[in-house]
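Q: The chain contents come next:
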Amino acid sequence: MSVPAAIPVPIQATRYPPGDLAIWIFILAELGVFAAFFAAYAFARIGEVTLFNACQETLDRRAALINTLALITSSYFVVRAVAAIRVGRTRGCIGWLLAAIGMGFVFLVVKIAEYTHHFEAGVNLSTNTFYMFYLSLTFFHFMHVILGMVILAAVALKARRGAYSAAEHTGVETGASYWHMVDLVWLILFPLIYVMR
Amino acid sequence: MPLPAPLQTQRRWLRPCTWVYLAMLGLTLATFAIGVAGLGGLTVSLSVLGFALLKGQLVGDYFMGLKFVRGPWRWVIALWLLLPGALIGLAFTLASR
Numbered sequence: 137m138s139v140p141a142a143i144p145v146p147i148q149a150t151r152y153p154p155g156d157l158a159i160w161i162f163i164l165a166e167l168g169v170f171a172a173f174f175a176a177y178a179f180a181r182i183g184e185v186t187l188f189n190a191c192q193e194t195l196d197r198r199a200a201l202i203n204t205l206a207l208i209t210s211s212y213f214v215v216r217a218v219a220a221i222r223v224g225r226t227r228g229c230i231g232w233l234l235a236a237i238g239m240g241f242v243f244l245v246v247k248i249a250e251y252t253h254h255f256e257a258g259v260n261l262s263t264n265t266f267y268m269f270y271l272s273l274t275f276f277h278f279m280h281v282i283l284g285m286v287i288l289a290a291v292a293l294k295a296r297r298g299a300y301s302a303a304e305h306t307g308v309e310t311g312a313s314y315w316h317m318v319d320l321v322w323l324i325l326f327p328l329i330y331v332m333r
Numbered sequence: 637m638p639l640p641a642p643l644q645t646q647r648r649w650l651r652p653c654t655w656v657y658l659a660m661l662g663l664t665l666a667t668f669a670i671g672v673a674g675l676g677g678l679t680v681s682l683s684v685l686g687f688a689l690l691k692g693q694l695v696g697d698y699f700m701g702l703k704f705v706r707g708p709w710r711w712v713i714a715l716w717l718l719l720p721g722a723l724i725g726l727a728f729t730l731a732s733r
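If you read the protein sequences in the order shown, they are chains A and B.
Per the numbering used here, residue 137 is the first one in the first sequence, and the count goes up by one each step.
Per the numbering used here, residue 637 is the first one in the second sequence, and the count goes up by one each step.
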């Protein structure tokens, strides 16, 4: 008996993004706030280019690289978690979510080490305009990483209780969308604060 | 034996995501290399910004799955990227004069 050739199954297009639509409204609001922050940083820099460039040199680009790689990797792990639950692999989904949370912890530890270094050097919000933006922007993002980790942990817990299946997994997609937003914001923040001069 | 349809679909979605992940790692390392080399100026800054916007678009299209969405939601991340991208680009252009 001959084996039939694999028939490509088209990926169905939808009208709405994956997950709960409410999280997308929330994501848009968050992205709007971050866009305003980014623009404020860039325009504030116009009047103080020398100061911004000098202060940028005091930042730890290696730490920023580790954090960027950690967030990109965690986002990829979340993609794997969504892929797993879509075919009903609950244990796989939980495993990938926990791996993503682990990468989130890497981010937090590295960021705390960076903050500690700056605070020990006497840097604070009122040191100058650059550090005001650096500390407030990165700390605002830091809080979003924590919230994202809490959301992923809640999704993993619900998955463990059997709340999701191949047929119904909106919660996993909702948590995933939020986590990707956290990653997306850092992808702009990293070059803007640490590299562009 | 052909894979069951849901597995086929997932594989067709995951494979590009893996390539996107690797591409983003490459772009991140390139950005880092530019940073540690101390390269600056408008062209370099706009190139680095371009890398970031490209990575953002890849996250939206593949990781967030917007590539498979029709209608206005398809472009929501692209439009968002355009907003800070244009403003940052404008500000850095003005600062370089």
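No lab work stands behind these hints, which were simulated from the structure alone.
Don't take every hint at face value.
[As the list claims (entries may be wrong)] Covered by chain A, according to a simulated footprint, are these stretches of chain B (three or more residues, beta-carbon under 8 Å):
#1 658-667
#2 699-712
[Stated by the list, open to error] Chain A regions said to be covered by chain B (calculated; three or more residues, Cβ under 8 Å):
#3 179-188
#4 238-246
#5 255-262
#6 286-292
Idealized CB from N, CA, C, for every residue including glycine.
Q: Count residues of the stretch 658-667 of chain B with a Cβ under 8 Å from any Cβ of chain A, then say if the count reaches three.
A: holds (count 5)
Q: Examine the stretch 255-262 of chain A: at least three residues should have C-beta closer than 8 Å to a C-beta of chain B.
A: violated (count 0)
Q: Counting residues of the stretch 286-292 of chain A whose CB is closer than 8 Å to a CB in chain B, do you get three or more?
A: Coverage by chain B is violated for the stretch 286-292 of chain A (0 residues, Cβ < 8 Å).
Q: Cut-off 8 Å, C-beta pairs, minimum 3 residues; does the coverage of the stretch 238-246 of chain A by chain B stand?
A: As far as the stretch 238-246 of chain A goes, the hint is violated, because 0 residues have Cβ atoms under 8 Å from chain B.
Q: For the stretch 699-712 of chain B, do at least 3 residues have a Cβ located nearer than 8 Å to some Cβ of chain A?
A: holds (count 10)
Q: With a Cβ-Cβ cutoff of 8 Å, does the stretch 179-188 of chain A contain at least three residues near chain B?
A: holds (count 4)
Checked against the numbered hints given earlier, this structure breaks hints 4, 5 and 6; the rest are met.
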